[in-house]
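With these hints in hand, go ahead and build the complete structure from the sequences.
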Amino acid sequence: MAPKFKDKDGEVLLSFSGKWISWAHTAAAYSAFISALIVGVSLHYHKIVQNEYWGYPEEWFPSVSATIGDRYPERSFFMLFIAITSGPRFVLVGLWYLLTARPNATLPKFVAGMGIFRTLTCGGWTYVTSTDDHDWHDIFMISYLVATLPWTLGCLALSPANAKAVKYRKYLASAFFGTLVPLIYFFIQHKVHKVAGAYTIYAFFEWALILFDVGFDAVTALDFDTFELVVKDVKGSSKGNNKMVADAVLEKEKDKQVGQVFSQSFVWAEAIGTAADVYNGFVFWSMLTSLGLLVWYFPLWHMGISGYEVMVMSTVSPFMLANRRLRSLVVKNLRICHFSALAGLLAYQVTDPVFRLFIVGFAVWMSCLSWAATWYSEGGQPGRLESKISAWTIGLIASSVVKFAWQTSNPIWPTTHASNGGWNGIGLILAILAVIRSTRKVPTAGSDLAIQGRREGSSVLAGLGIAGLFFGLHSLLSDSSTMILWVWEGYPVRGPISAPHGAWTIAAMGGGLILGLFAEDIARSWTFYGIGCIGAAMLTLYSNWKGYYGALILAAYLMAASVPLIGSAARKSPATTFGLGFLAYNFLVLFHVWVVAYAFVPGGPLVREHTDWVMTTMMIFIGCGVFSSMSSTPAAQRKRFNAFLNSRKQRSYYLYVLGVLQLLSVSIAYLRFPTYDYVPYHKDEKILTAGIWTIHFSLDNDMWSSEYRMRDVIKELEIDVIGLLESDLQRIIMGNRDTTQFLAEDLGMYVDYGPGPNKHTWGCALLSKFPIVNSTHHLLPSPVGELAPAIHATLDVYGELIDVFVFHSGQEEDPEDRRLQTEYLSKLMGSTPRPSILLSYLVTKPWEGNYNTYVSDISGMHDIDPTDWDRWCEYILYKGLKRTAYARVSRSTITDTEIQVGKFKIGEPAIDRPDLRNARIAESQVPEGERFPQMFRGEGVRGHAYHVFNEPRYFG
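Heads up: the sequence shown begins at 1 in full-length UniProt numbering, then just goes up one per residue.
It should be emphasised that the hints constitute simulated quantities derived from the structure, not laboratory data.
Model, not experiment: these values are computed from the prediction.
A hint or two may mislead.
Unchecked claim - Below, a list of computed lysine to any residue pairs in the SDA-like style, where the Cα atoms sit at most 25 Å apart:
{"no.": "1", "residue 1": "167", "residue 2": "188"}
{"no.": "2", "residue 1": "194", "residue 2": "777"}
{"no.": "3", "residue 1": "827", "residue 2": "845"}
{"no.": "4", "residue 1": "164", "residue 2": "178"}
{"no.": "5", "residue 1": "191", "residue 2": "672"}
{"no.": "6", "residue 1": "683", "residue 2": "50"}
{"no.": "7", "residue 1": "170", "residue 2": "91"}
{"no.": "8", "residue 1": "546", "residue 2": "180"}
{"no.": "9", "residue 1": "191", "residue 2": "128"}
{"no.": "10", "residue 1": "170", "residue 2": "141"}
{"no.": "11", "residue 1": "194", "residue 2": "207"}
{"no.": "12", "residue 1": "686", "residue 2": "933"}
{"no.": "13", "residue 1": "827", "residue 2": "852"}
Said to hold, decoys possible - For each label pair, taking beta carbons as the anchor points, the in silico distance ranges come out as:
{"no.": "14", "residue 1": "303", "residue 2": "830", "range": "27 to 35 Å"}
{"no.": "15", "residue 1": "419", "residue 2": "869", "range": "46 to 54 Å"}
{"no.": "16", "residue 1": "333", "residue 2": "419", "range": "44 to 52 Å"}
{"no.": "17", "residue 1": "55", "residue 2": "845", "range": "34 to 42 Å"}
{"no.": "18", "residue 1": "350", "residue 2": "919", "range": "52 to 60 Å"}
{"no.": "19", "residue 1": "322", "residue 2": "587", "range": "17 to 25 Å"}
{"no.": "20", "residue 1": "845", "residue 2": "678", "range": "30 to 38 Å"}
{"no.": "21", "residue 1": "631", "residue 2": "335", "range": "29 to 37 Å"}
{"no.": "22", "residue 1": "869", "residue 2": "830", "range": "22 to 30 Å"}
{"no.": "23", "residue 1": "204", "residue 2": "171", "range": "15 to 23 Å"}
Even glycine gets a Cβ: it sits at the ideal position worked out from N, Cα and C.
Okay, structure coming up:
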């Protein structure tokens, strides 16, 4: 019976300490997991320790998901206690808010909201299992994990001045986030490397997360003894009278920048304004990164210089600011200028490639002019200038996050539309609203424009610094996977992969920007510049993890250096700093294309294969900017430092946006993590369908991005293993893309990108439904012409090891190169005793010249169809396998080269006699599951049909 007594405030029917809410929550939560573990181990031990690769005894401890998942009755135990947990959980969140709420404070409300959100999402992933609905289960789980970060940090910031509770929270929070590192490591060891026992170790860390997560909330028992329920505060802690830890820290460090930033109140209007500024930066980077892609279309289809390459110079519009009247006109009409730049977002409505290029060129012209004028106009207001620099740099991070989500494409590029993943209409509407919002403040009057800083350092050196900085940001950081592919060396995986490690690149970018904002003196220092140079050297010289560590250093440096270098340039002549800067930037853009395209440009062989020269030039240019920035007068530097007092509130909003982007990148990384559960199309028949396709850099005949159309035809042809040629798109001129990521994830295939962007080839890639056991990359002899890339991969095909070679030969104009390459590849193919398939671009006629070396005793290879006389480029060769079918499929308007496809029967002996091996049979003699799809007969679908023979060929 509840106690009844009266005090001066009335009768109390029930009273107990608030700490029992915490204990009830802790007991119910731990009971949910521990009871499921005990029941699961007792009833289904061998089943719940089994995973897709290993079982008992290699794996001997179950993961959390396996324990609480779909098996009865452990799942029921878990759900019952989790349901009981929800009651104390909601009360716990409510009491925490009452304890920490203060007048005019937004953070307690935000933290309470996160607490409620976490509780709801916990129910989501608990009651919707991966078997019920895999996507929604993942969405709820990711949302829960993402919300854990602000909840944890918020609770730490709002903790009452209880030293014991604060200590435990710090320990448990550190343990929780520290556990994530080995958790991810062992998950990758299990999922990617298939290491026996790795999942058991992963499971221990996963259970540790549960213990730490629940334990963190259990610490509230030390604070809730201030409450007596029926809710009555007996100590007054909830009235806002007692100081919180956050208050004490802010008072102690009131002169420090971080404390000043986060001591500000939150205003939604300012937050929306900040988001608009960042979106404007995102639009700038979207237009700039699309320009090279559109320019590339024309030399690609003209097979040489087209004349349209001059549009690369659209960026030099800041030279117009040399004229005083024109400069004043632009500065006073920045809204109109920014609106004009949005024309590029409408370009997708134009089907003609030439006009689309001109529209985007105009948009880039106006965008570069607008941003240069914006920085210049705010040069005399350091706080506002910092905001514009932050918006522009965070816009780059936003662009990288969006491309991370869209597998390296950008949904508002003019090469996209609704049918290939475009969100052009939505992007345009948001851009219009963003320009209206972000240009509402009138820039400083012309007479006040940063006059005092104009003489600080050399404008020419500052311009070179801008060139190096912009080129580094664009070429290396406009896509999170670019530097990862620089260090990629094939299977087994020995370094980072595009997903999930793209989130690491984005995190390094964010960390670098924060360093630039809060420690500008460090960001502009020669010491930090030296560290950046070391990172650039490591990226250039090393592969795998060592090279990627250099990439992360360089990413952080480039973002940090953006703040002082752009700030310094804004206080000088804009025509020199930004006009000359973009001109030198264009030189670097062309330079880094010529190192690969040397065969097509005058003087190209002088820079052949010299990415190291490009990187060195970039860092020298940045060093010029550092020198100019360091030449600023002490008085001017003090003025900029003191101006921080006026900008600290605005800075906090940019950090909030940055935090949201980082959380999004982590969520995307989780969603994109490879599943490695891929299934071939005809596993029961043990058929391997292999194809070769030259994809022409994933731009179709009409200048639209073609990966969606490619995916559809590869899926409909039921291709298990396909070689892609002309597939390296990780350069400015190609949009820093990677079509293989989209195809691999959407089709469910392993992928080897082949030689990376720093290997100076046009690329070759391998996609496979079968596990890639090992792969090596080769650069074949090319003394005169372009480098010829090749992949030698070993696949596990229905338990049998089969070698697959993907190869792109040199050009027709270089016969000696092709002869040397033929000898090299033929010997490479002949060196393996395993059954093999060559998916290639050979540039030879059947039965003539180099063909007789590829198909010879040296290689041991046979032609998939020796009677096919109508070939010049693409060939499929094989040995040690029973080939059963061959077809040629028209390309539609996707590229300039057809698809060639062959079928092989695994597990049956190869036929040695040529007359029997090449004997053709009727399709009616072939089992249904071993035939090519019927949809491509006759007119076919969407322009794809069997051609040349007008039907597949089958062999007995």
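Enumerate the violated hints, using their earlier numbering and listing them in ascending order. Numbers 1, 15, 16 and 17 - these are the hints that the structure violates, sorted from lowest upward.
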